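A.B. asks: Chain by chain, the residues:
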Amino acid sequence: MKLYLNFIALNLKSQMQFRVSFLLTILGQFITAFTTFFGLYFIFSRVNAVDDFTYGQVLLCFTVVMTAFSLGEMFGGGLAVFPRMLGNGEFDRALVRPRNIIMQVLMPNMDFTRLGLLVQAVIVLFYAIPISGIVWTWEKILTLCLMILCGSAIFLDYFSFMQRVHFLQ
Amino acid sequence: MKMYISVFRIRFINSLQYRAVMLGAIMKGFAWEFMEVLAFSALYRAGQTTFPMEFSQTVSYIWMQQTLMVLFLVVFSDGEIYTSIASGSIAYELVRPMDLYGRWFCQSAANRVAFTMLNCFPVLLLAFIIPEPYRMSLPLNMGQLLLFLLSAVLALCVVAAFAMLMFILLFYTLSHRGVRIIVTALTTFLSGGVIPLPFFPAPVLAVVKLLPFAAMQNMPLLIYSGNIVGVDALKGIAFQLFWLAALFFIGQLTIRFTLKKVIVQGGII
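Protein chains in written order, with the working numbering: chain B, 489 to 657; chain W, 2 to 270.
By construction, these hints were calculated from the structure, which means they are not laboratory data. Note that this is a predicted model, so its numbers are computed, not measured. Using N, Cα and C, we set each Cβ at its ideal position, and we do this for glycine too. Please note: incorrect hints may appear among the correct ones.
Derived Cβ-Cβ restraints for the label pairs, each shown as a range [claimed, not checked]:
id: 1; chain 1: B; residue 1: M504; chain 2: W; residue 2: V265; range: 24 to 34 angstroms
id: 2; chain 1: B; residue 1: P571; chain 2: W; residue 2: A32; range: 16 to 26 angstroms
id: 3; chain 1: W; residue 1: V154; chain 2: B; residue 2: W624; range: 46 to 56 angstroms
id: 4; chain 1: W; residue 1: W33; chain 2: B; residue 2: Y492; range: 32 to 42 angstroms
id: 5; chain 1: B; residue 1: F614; chain 2: W; residue 2: L141; range: 44 to 54 angstroms
id: 6; chain 1: W; residue 1: I14; chain 2: B; residue 2: P571; range: 20 to 30 angstroms
id: 7; chain 1: B; residue 1: Y615; chain 2: W; residue 2: E55; range: 30 to 40 angstroms
id: 8; chain 1: W; residue 1: L141; chain 2: B; residue 2: T625; range: 47 to 57 angstroms
id: 9; chain 1: B; residue 1: N536; chain 2: W; residue 2: P204; range: 13 to 23 angstroms
id: 10; chain 1: W; residue 1: L166; chain 2: B; residue 2: V607; range: 24 to 34 angstroms
id: 11; chain 1: W; residue 1: A247; chain 2: B; residue 2: P571; range: 21 to 31 angstroms
id: 12; chain 1: W; residue 1: L170; chain 2: B; residue 2: V653; range: 30 to 40 angstroms
id: 13; chain 1: W; residue 1: G80; chain 2: B; residue 2: Y492; range: 53 to 63 angstroms
Here are a few chain B residues that sit away from chain W, every Cβ distance over 12 angstroms (derived from the structure) [to be verified]:
id: 14; residue: Y492
id: 15; residue: L493
id: 16; residue: L498
id: 17; residue: L500
id: 18; residue: L511
id: 19; residue: A521
id: 20; residue: R534
id: 21; residue: M562
id: 22; residue: N588
id: 23; residue: K628
id: 24; residue: H654
Just need the whole structure built from these sequences, with the hints factored in.
C.D. replies: Structure representation (structure tokens):
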């Protein structure tokens with residue numbers, strides 16, 4: 489485990505080398521997510537509810553998916569480099585190392601610029617929770633957390649599934 | 002002029018090479034737009050009267066947007082330009098006896114037109130055969146169609162001119178990732194890519210309407226869907242012409258200033 493944490497730290501440091509670019513990308517992700525939010529907000533400033541779903545409920549749904557996606561993308565987005573690893577033989581080198589192969593692909597390629605998306609999603613989440621009109625009980629809080637966690641697991645799975653496809657190509 | 006047309010032709014043929022990629026993009030785009038149409042139909046069921054556009058107009062807007070999507074993207078695969086700036090091969094571009102602005106302008110316009118040529122027909126076909134409330138309608142009359150075509154060409158030029166400003170900015174930042182994401186987000190949103198501009202609240206709309214982004218996809222799509230008709234459409238085209246001239250002028254000025262001193266791998270050109 490310590491090895492993997494080391495990988496993450498190394499990766500973060502190397503991404504921080506291009507600081508302006510790193511920050512700009514985070515900012516860009518932040519703005520991208522915000523434009524979608526504003527789209528939703530503008531539409532719902534004209535209608536109150538769609539088929540019994542209120543603005544708060546739609547927003548909560550939106551932000552849960554957004555949070556899940558940003559988590560999934562942050563951990564799994566690095567898999568996008570996988571085709572390159574297959575192509576240039578880096579993957580063969582990873583195969584001979586006596587460590588978990590998936591971790592070796594995932595850890596050094598985590599994309600921390602997705603933090604911008606995550607921060608935005610969390611802000612909207614805190615905005616959506618009070619106006620959603622839900623009476624919060626422990627079960628509901630647990631459900632919300634599980635929704636986010638399982639959602640990000642699904643996105644992560646999807647990204648890694650996409651990479652399996654690359655073996656065939 | 003002949004030179005620029007050749008650049009356009011080369012890029013055009015080049016872009017037609019990857020047909021499988023395009024097929025994937027077409028299918029993805031169609032699925033996406035279909036969901037958008039369904040979402041809007043749910044919204045219209047909830048609040049018929051409160052929307053600034055009729056449902057049929059919105060549907061036409063969305064389908065036409067999908068048909069011409071690439072044409073109006075400010076950030077589209079102009080990979081060669083990014084790499085030539087980042088890797089320094091810009092030096093070769095500069096020794097060519099061609100104006101860099103004109104060359105890149107043609108190149109990026111050609112990329113978009115080529116992709117659109119392949120993209121538009123399948124989507125148009127599908128949009129015209131699906132059942133009634135979701136079907137795309139034709140423009141009101143012939144004149145409206147001509148205005149739409151004129152406006153679409155102008156919008157493409159405005160997009161290319163704006164993309165040029167982004168390329169010039171890359172001379173200073175080198176890394177294109179952050180800049181591209183920010184530009185994509187802002188231009189898509191402000192030109193009506195997320196939701197059509199008339200859906201914006203009035204105070205916001207009053208400002209957004211005057212920005213160059215409103216001269217991009219917003220104008221031709223609204224003219225096609227019949228939201229802007231007659232004299233207003235002509236005014237809109239004049240507005241596009243104004244921004245095209247302004248962006249072109251700013252671009253020429255800044256590229257001249259930027260190219261005065263370009264440092265490639267430590268050597269000054």
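A.B. asks: Confirm or reject each hint.
C.D. replies: For each hint, the structure was consulted:
| no. | hint | in the structure |
| --- | --- | --- |
| 1 | M504(B) with V265(W): 24 to 34 angstroms | holds, 26 angstroms |
| 2 | P571(B) with A32(W): 16 to 26 angstroms | holds, 23 angstroms |
| 3 | V154(W) with W624(B): 46 to 56 angstroms | holds, 55 angstroms |
| 4 | W33(W) with Y492(B): 32 to 42 angstroms | holds, 36 angstroms |
| 5 | F614(B) with L141(W): 44 to 54 angstroms | holds, 47 angstroms |
| 6 | I14(W) with P571(B): 20 to 30 angstroms | holds, 26 angstroms |
| 7 | Y615(B) with E55(W): 30 to 40 angstroms | holds, 32 angstroms |
| 8 | L141(W) with T625(B): 47 to 57 angstroms | holds, 55 angstroms |
| 9 | N536(B) with P204(W): 13 to 23 angstroms | holds, 20 angstroms |
| 10 | L166(W) with V607(B): 24 to 34 angstroms | holds, 28 angstroms |
| 11 | A247(W) with P571(B): 21 to 31 angstroms | violated, 42 angstroms |
| 12 | L170(W) with V653(B): 30 to 40 angstroms | holds, 36 angstroms |
| 13 | G80(W) with Y492(B): 53 to 63 angstroms | violated, 33 angstroms |
| 14 | Y492 | holds, 25 angstroms |
| 15 | L493 | holds, 26 angstroms |
| 16 | L498 | holds, 20 angstroms |
| 17 | L500 | holds, 17 angstroms |
| 18 | L511 | violated, 7 angstroms |
| 19 | A521 | violated, 8 angstroms |
| 20 | R534 | violated, 5 angstroms |
| 21 | M562 | holds, 15 angstroms |
| 22 | N588 | holds, 29 angstroms |
| 23 | K628 | holds, 25 angstroms |
| 24 | H654 | holds, 15 angstroms |
Of the numbered hints stated above, those contradicted by the structure are hints 11, 13, 18, 19, 20, listed in ascending order.
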